[in-house]
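Participant: Those protein sequences? They're chains A and B, same order as listed.
Residue 72 in this note's numbering sits at position 72 of the first sequence; the count goes up by one each step and never skips.
So the number in this note's numbering is just where the residue sits in the second sequence, counting from 1, plus 1000.
Any given hint could be a false lead.
What the hints assert, rightly or not - Calculated pairs, PhoX-like style, for lysine-lysine (alpha carbon to alpha carbon, straight line, at most 20 angstroms): (1) Lys-75/A <-> Lys-1282/B; (2) Lys-1698/B <-> Lys-1679/B; (3) Lys-139/A <-> Lys-1014/B; (4) Lys-119/A <-> Lys-189/A; (5) Lys-187/A <-> Lys-200/A.
If you're looking for bench data, these hints aren't it; they were derived computationally from the structure.
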Amino acid sequence: MIELSKIGKHYTEGNTKQNVLKDLDLTISDGEIIILFGKSGSGKSTLLNIISGIDLPDEGSVTIDGAKVTGLSEKERTLIRRNKIGFIFQFFNLIPTLTVTENLQLPLELNGIKDGDDKITAILNEVGLPDKANSFPEKLSGGEQQRIAIARALIHNPAIILADEPTGNLDYETGLQIVDLLDRVVKQKGKTMIMVTHSKDVIGLADKIYSMKDGKLTETLKEAYLE
Amino acid sequence: MNSLTRSSLRYLIKHPWQFGLSILGIAMGVAIVVSIDIANHSSGKAFNLSMNAVAGKSTHQIIGTSEGIPDSIYFNLRVRDGLKNIAPVIESYVSIPDSGKKIFKLLGVDLFAERPFRDYLSNTGTSIDGELKDFLTGPNSVVLSNGSLAELKMKVGDSLKVFIGGKERTLYISGKITEDERNTSTLENLFICDIATAQELTGKINRIDYIDVIAGSADEEKRLRSILPDGYDLQKSGSRSQTAEQMLEAFNINLQSLSLLALIVGLFLIYNTMTFSVVRRKVLIGTLRSIGVTSNEITTMVIREALIIGIIGTAAGFLAAYFISKYLLIFISQTINDLYYVVSVREIYISPMIIAKGIALGIFATLLSAIKPAREASSVHPRSAMIRSEQESSLLKKVPAMSITGLATIIAGILILLIPTKNIWLSYFGILPIIIGFALLTPVIIILVEKILSPLFKYLFGITGKIASRSIVQNISRTYVAIAALSLAVAATVGVGTMISSFRSTVIDWLESRLNADIFISAPSLVSRRNDAVLSEDLLEKVRALDEVADINFYREIEINQDEKTYHLISSGISQRNHSGFQFKEGEPADAWKRFEEGELLISEPFAYRHDLEVGSMLALKTDNGMREFRVAGVYYDYASDQGLVTMYHTHFKKHWNVKGVSGISAYVKEGFDLNTLKEKIQMLDTDGQQIVVRSFKFLRDTSIEIFDRTFLVAKVLQLLSVIVAFIGILSSLMSLQLERKRELGILRANGLLPSQLFGMVGIQTVMMGLTAGLLALPLGNVLAAILVYIINKRSFGWTMQFDLIPSIMIEAILLSLFAAILAGLYPAYKMSITSPANALREE
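Given the sequences, and given the hints that come with them, work out the whole structure.
Facilitator: Next up, the structure:
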């Protein structure tokens, strides 16, 4: 379970203080899929960063499975991220100097998991790219890169997936394929996911939908988007 | 191999330009440092080997007065006092006409006393297979090693013409020594003859140079000391090697320090590459951080990459050093022969210490330069993964703080330099903060130069000119390191060049005032700085008696070995008209000359500096009549010897030392007489077989300047190598910069910029970088020169020198800087101009 309590975050630019998040409360149960909508600069990505421990809030606390992330050192937060969280980025962010297999090996190595070959084969089959095992990222299309990025986020079996506009850099068709993939490998496997997006095509995945405005979250009914 | 390491390695391999140039930079830095060390070590080792060849198994040597030891003393010790483990020795140098500059050592020994000392001689039945009788009784008989015979293309029974002490002699090769693996290097360069033959060949009739001793215990040593007559000393066998090492200490340190400069420039290069690789990979590092790689693991990754560069660079540096040192050795041994002592170096010697130092420096320098980039990498925020492309890290914001730190660092350097010390390393250490301080000031100077030149470039080249100049500031975190490295290397050329020029003009002024006679006579010498051969006093009188001669000066130089140090004493017969040639640093000239003629000493500035003496100090010298104290009457400027000279009036000298002959004579021609006629007349004088060299002032001056220039040749080579390292730095930096701007340049091309305009734009940028580096190099270079002149040289050699600002050197520096930058910019400019805009836009 992820609990955010009274989260506040502001940035200062010159003499102006800009509140990005204000007094924000959010509880996400295990296996829940949350989708965050909001305009650019509304604080969606900041919220993801705070949940993952990449950033610290100015006020409030974040608790993951009972552990207060906001009270941990930078290294401890990194280790939580390493063990419990899988990241999916808008621009895929695969390591260009590693092959697909090696990109997938990396989280396994970081978590001390040896003999991960079977896992890699299995997940490559799952994302539909078993023949790309030895390719370098630059040889893959955008959609393929994002599939591998999803595989990388999942390979070490984290409980939480954080996705920052996973279809934002893909064409419509490819975006739909990615949503379909996320449905299979995240939702159906009971993982918790928080996804920031502008795309309404992902709504089908959501258990809850929030829109972000002026640093606050407002829950929106799924139906409102489906209409 | 884990995935992070694999990723690192692939990154390095995928960027061969950066990787290769960094390796080249560190390799050159290491190569220069190691090759200087090898050359210094090899010349020292060659000298020690020649000393060991002569010293054999002796533990001590009995040394006598300035004229050596009468052989009666030796016989008394052996026969009357019953000392068995002693052997007489005469040493001299042999030069062979038509054999280039090759010099051999003549060793005169008593075969019957030799057995305990030099085993290659004592076992005559097997090692010397020439006729023993010939060796002992044949006129001018010598034996050589097989190797030396082969080198000279001679065989047993042949004769050869040589010069010993300026006199031509014919030697007869009566035998050869077959070397074994223990003594091959010991025996090379050695002519061995019987002691009586050596006495004849060197003119040391009834005298020997010293007596070798094997004193097995402290008691034996004590007993020996007790029976030695007054004026004779027992010194350890290694003393002469130690003295030679001390003599060369400052010379070696200065060479080593100059070589370190190249490594510092190489260090900038590594720093530049590592910083660039970190900046370029911010998104990647951010991604790694997002998925759980800790900041320590990122630091390790960058340090490991630097280590790979360091290890490969160091290994390549060693390989290059082996070859470079062979050439440097020629220059260095020439300088040692010019200024210090005779040494013939044929082999390269590498000690474990040199290897350890080279590895430590190469690896340490690399790691040191990688610390900051590694820290920068570890501080990359995981947020960076969310941003499409990381912008220029805001170094601009840090410029004020950097500038203040730079000034503070310079002040710290100045304070270190002001510490009153004779330690040369500490003095060089003070230069380091000044260099770092200037590097920290580089960004602010780049901004200022850009502000001044940007409107001009816009006026001259339009908008491309403006983009070119502005991009230097926009990419300042990359450009400043390259500019700083180039300016440091160019500053080094300004610094060393200005110091050499200042020193040169000081020496020329000094030569012109000191050498005010018309003609100079000496015996041919093996060491340019001093005459080891002597002219007879008869010749002196014959020259004085010539009608054309108005007045003469003469001197005799001897070496005094006392307290395990060598003092160079000049007995001077100086005429009144040469007094003006002496500039006094301390002491009122009229009073100093008066006291000098009464028996007090004049000492040169380096001597006063080395021995902490001033006017009024007392100096104890070992005379032929025992130790005597002399008062110092004056300290004069002198650039002939960095070891320093002690000058005594010849009539007083004669009272204390039983030394005959003169080392040199100079004469003033009478008004109305022809100089050439005088020269011819001197050359016609009967010199009793002694070769003499008669030279004009101009010839002597030119020869001295030639030696001076030769001395600084190594420094100039080192300077050039530093510039090459800096050139590699700027090439690497420009390549990186242009590659990184590929997308920006692609956009410009897509908007209609022609390839030629793009080429021009990159060209303008490189011109501006070169110009900025050149301008920066001028103040830094002159500051370095002033430090070298006023502090380093003073502390190394004790010389006061004038300091000149030399416009031609400064103009050359700017041109050199521009040239290096333009040359380095050509390829990146060409590469960018031919890149398809579509590719540039696609491959961000």
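Participant: Work down the list of hints and note, for each, if the structure agrees.
Facilitator: Verification of the supplied hints:
1. Lys-75/A <-> Lys-1282/B: 19 angstroms, holds
2. Lys-1698/B <-> Lys-1679/B: With Cα atoms ~14 angstroms apart, Lys-1698/B and Lys-1679/B stay inside 20 angstroms; holds.
3. Lys-139/A <-> Lys-1014/B: 15 angstroms, holds
4. Lys-119/A <-> Lys-189/A: 15 angstroms, holds
5. Lys-187/A <-> Lys-200/A: 17 angstroms, holds
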